[in-house]
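Undergrad: So you can see what is in the structure, the chains are spelled out below.
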Amino acid sequence: MYAQALDQKDRAPSVVEDAEQLARFEARCAAEEKIEAKDWMPEAYRRTLIRQISQHAHSEIIGMQPEGNWITRAPSLKRKAVLLSKVQDEAGHGHYLYSAAETLGVSREELNEQLLSGKAKYSSIFNYPTLTWADMGAIGWLVDGAAIMNQIPLCRCSYGPYARAMIRICKEESFHQRQGFEITHTLSKGTPAQKAMAQDALNRWWWPCLMMFGPPDGESQHSDQSTRWKIKRFSNDELRQKFVDAMVPQAEFMGLMIPDRDLKLDEASGHYTFGTIDWSEFKRVLSGDGPCNRQRLKARNEAHEAGAWVREAALAHAEKRRLRKAATMMMAAE
Amino acid sequence: MTEQAMPLYEVFIRPKAGLSHKHVGSLHAPDDTMALQMARDVYTRRGEGVSIWVVPSKLIAASDPADKDMLFEPTVSKVYRHPTFYDVPDEVGHM
Numbered sequence: 001m002y003a004q005a006l007d008q009k010d011r012a013p014s015v016v017e018d019a020e021q022l023a024r025f026e027a028r029c030a031a032e033e034k035i036e037a038k039d040w041m042p043e044a045y046r047r048t049l050i051r052q053i054s055q056h057a058h059s060e061i062i063g064m065q066p067e068g069n070w071i072t073r074a075p076s077l078k079r080k081a082v083l084l085s086k087v088q089d090e091a092g093h094g095h096y097l098y099s100a101a102e103t104l105g106v107s108r109e110e111l112n113e114q115l116l117s118g119k120a121k122y123s124s125i126f127n128y129p130t131l132t133w134a135d136m137g138a139i140g141w142l143v144d145g146a147a148i149m150n151q152i153p154l155c156r157c158s159y160g161p162y163a164r165a166m167i168r169i170c171k172e173e174s175f176h177q178r179q180g181f182e183i184t185h186t187l188s189k190g191t192p193a194q195k196a197m198a199q200d201a202l203n204r205w206w207w208p209c210l211m212m213f214g215p216p217d218g219e220s221q222h223s224d225q226s227t228r229w230k231i232k233r234f235s236n237d238e239l240r241q242k243f244v245d246a247m248v249p250q251a252e253f254m255g256l257m258i259p260d261r262d263l264k265l266d267e268a269s270g271h272y273t274f275g276t277i278d279w280s281e282f283k284r285v286l287s288g289d290g291p292c293n294r295q296r297l298k299a300r301n302e303a304h305e306a307g308a309w310v311r312e313a314a315l316a317h318a319e320k321r322r323l324r325k326a327a328t329m330m331m332a333a334e
Numbered sequence: 001m002t003e004q005a006m007p008l009y010e011v012f013i014r015p016k017a018g019l020s021h022k023h024v025g026s027l028h029a030p031d032d033t034m035a036l037q038m039a040r041d042v043y044t045r046r047g048e049g050v051s052i053w054v055v056p057s058k059l060i061a062a063s064d065p066a067d068k069d070m071l072f073e074p075t076v077s078k079v080y081r082h083p084t085f086y087d088v089p090d091e092v093g094h095m
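Quick mapping for you: the protein sequence lines, in order, are chains G and F.
Just so we're aligned: the first sequence equals residues 1 to 334 in this note's numbering.
Just so we're aligned: the second sequence equals residues 1 to 95 in this note's numbering.
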């Protein structure tokens, strides 16, 4: 998902870093040493990571909605249990990532506020609707497949807490992709109507998935610095190519057609060449005008507000117990 | 934001009997009981553990990374603290 975060302009004023500390930091990155929370780091590194990790976390949290939409309508108890587990994993992934972001000195409340107010971005992919059950297959197989391409290199990110969170996430993400493939595969072997449903989902999700890798390399901001600091290991276009190369044979295996007339195997390089991505759609969705942007943020805000009394009650209860315990101890001491 | 911040906890999990608890991450919770419940949901969804510790993060005292050399460098040169420093003739066999 999540390379998208790296491609935004850094608007904060640039800080002049101590040259000696910066040189030492860059040497550590070059030597593949892990940077930990309390270590010295340039302000731009800290800001870039806070932005990237929190956008990744927001994506996981918002990402529960398109699939949560189908939990009550899953076609069998097995599918329902699987989908529930997957959505629960996404909540977990959001938590690991928020925790990693917090080690950089930003509070959970600030991060929450940025998401709820619409100030922070999340992956463009979650602003598309999930119209049929086949979309649960397409999300697992394609969306999580694309996410894994992005996330595996992040397991080696120079920032220790992020890299460790990504290792956990990648292990669990593999289940997500396989269950999605299985749903799509099952539909593709089903009745003509079921197969058509799988094809329709592929038609709708393919291009948005290619956009998940972010703008083409020529237009991408920041990549040099992020590469030097070992935050980003592969360019957007490299990852997108890997994704296409991996997915085309899987679609062929299931007898499904990738919705791209220009797609063909380039025998010389062994890579698939593919058609032009509609970047105006990407920009529209990312800037808030996708099919579901308003719905997603509204649902998130409603859930947060509806849970406010629970958080308040839990804190009040904890405080009451703390005071009662203190009073008992005081009496025992007297 | 007028809401009160939730306290931060560090989570430690014993992966299986016989192994020690290991730090796995952190979470926010109003009290110890809920911290334990949330640690179970967030960090043990696939049988990762048989026991959980949660500790309020503010109670942990940590060494300063800037002191790393001062604290740990002196032991690097003390190779005689390792068994491989000592020669045992082959005839003696395994020791």
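In case anyone wonders, no lab produced these hints; they're calculated from the structure.
Remember, predicted model here, so these are calculated numbers, not experimental data.
Some hints here could point you the wrong way.
[Stated by the list, open to error] Think about it this way: if two alpha-carbon atoms lie no more than 25 Å apart in a straight line, the pair counts; the simulated DSS-like pairs of lysine-lysine are:
hint: 1; chain 1: G; residue 1: Lys38; chain 2: F; residue 2: Lys16
hint: 2; chain 1: F; residue 1: Lys16; chain 2: F; residue 2: Lys78
hint: 3; chain 1: G; residue 1: Lys325; chain 2: G; residue 2: Lys119
hint: 4; chain 1: G; residue 1: Lys78; chain 2: G; residue 2: Lys242
hint: 5; chain 1: F; residue 1: Lys16; chain 2: G; residue 2: Lys298
hint: 6; chain 1: F; residue 1: Lys22; chain 2: G; residue 2: Lys325
hint: 7; chain 1: F; residue 1: Lys58; chain 2: F; residue 2: Lys68
hint: 8; chain 1: F; residue 1: Lys22; chain 2: G; residue 2: Lys195
hint: 9; chain 1: F; residue 1: Lys68; chain 2: F; residue 2: Lys78
hint: 10; chain 1: G; residue 1: Lys298; chain 2: G; residue 2: Lys242
hint: 11; chain 1: G; residue 1: Lys171; chain 2: F; residue 2: Lys78
hint: 12; chain 1: G; residue 1: Lys264; chain 2: G; residue 2: Lys195
hint: 13; chain 1: G; residue 1: Lys121; chain 2: G; residue 2: Lys320
hint: 14; chain 1: G; residue 1: Lys171; chain 2: F; residue 2: Lys68
hint: 15; chain 1: F; residue 1: Lys78; chain 2: G; residue 2: Lys320
hint: 16; chain 1: F; residue 1: Lys16; chain 2: F; residue 2: Lys68
hint: 17; chain 1: G; residue 1: Lys195; chain 2: G; residue 2: Lys78
hint: 18; chain 1: G; residue 1: Lys195; chain 2: G; residue 2: Lys80
hint: 19; chain 1: G; residue 1: Lys325; chain 2: G; residue 2: Lys121
hint: 20; chain 1: G; residue 1: Lys283; chain 2: G; residue 2: Lys119
hint: 21; chain 1: G; residue 1: Lys171; chain 2: G; residue 2: Lys80
hint: 22; chain 1: F; residue 1: Lys22; chain 2: G; residue 2: Lys38
hint: 23; chain 1: G; residue 1: Lys283; chain 2: G; residue 2: Lys171
hint: 24; chain 1: F; residue 1: Lys58; chain 2: G; residue 2: Lys119
hint: 25; chain 1: G; residue 1: Lys34; chain 2: G; residue 2: Lys195
hint: 26; chain 1: G; residue 1: Lys78; chain 2: G; residue 2: Lys171
hint: 27; chain 1: G; residue 1: Lys264; chain 2: G; residue 2: Lys242
Undergrad: Check whether the Cα positions of lysine 325 of chain G and lysine 121 of chain G lie no farther apart than 25 Å.
TA: Violated, at about 44 Å.
Undergrad: Please verify whether lysine 298 of chain G and lysine 242 of chain G have alpha carbons no more than 25 Å apart.
TA: Cα-Cα ~35 Å, so violated.
Undergrad: Is the hinted pair lysine 78 of chain F and lysine 320 of chain G satisfied, with a Cα-Cα distance of at most 25 Å?
TA: violated, 53 Å
Undergrad: Tell me if the straight-line CA distance from lysine 171 of chain G to lysine 80 of chain G falls inside 25 Å.
TA: Measuring from Cα to Cα gives roughly 21 Å; hence the hint holds.
Undergrad: Given the proposed pairing of lysine 22 of chain F with lysine 195 of chain G, does the C-alpha separation stay at or below 25 Å?
TA: Distance ~47 Å between lysine 22 of chain F and lysine 195 of chain G Cα, so the pair is violated.
Undergrad: Would you check the hint for lysine 171 of chain G and lysine 68 of chain F, treating anything up to 25 Å between C-alpha atoms as holding?
TA: violated, 32 Å
Undergrad: With a cut-off of 25 Å on the C-alpha distance, tell me whether lysine 78 of chain G and lysine 171 of chain G pass.
TA: Distance ~21 Å between lysine 78 of chain G and lysine 171 of chain G Cα, so the pair holds.
Undergrad: When you check the alpha-carbon spacing of lysine 195 of chain G and lysine 80 of chain G, does it fall within 25 Å?
TA: The given pair, whose Cα atoms are some 21 Å apart, holds under the 25 Å limit.
Undergrad: Lysine 325 of chain G and lysine 119 of chain G: Cα distance at most 25 Å?
TA: violated, 42 Å
Undergrad: For a C-alpha distance cap of 25 Å, please report whether lysine 264 of chain G and lysine 195 of chain G respect it.
TA: holds, 23 Å
Undergrad: If you draw a straight line from the CA of lysine 78 of chain G to the CA of lysine 242 of chain G, is it 25 Å or shorter?
TA: The hint is violated at about 32 Å.
Undergrad: Taking only the CA atoms, is the gap from lysine 264 of chain G to lysine 242 of chain G under or equal to 25 Å?
TA: holds, 14 Å
In summary, the numbered hints that this structure violates are 1, 2, 3, 4, 5, 6, 8, 10, 11, 13, 14, 15, 16, 19, 23, 24 and 25.
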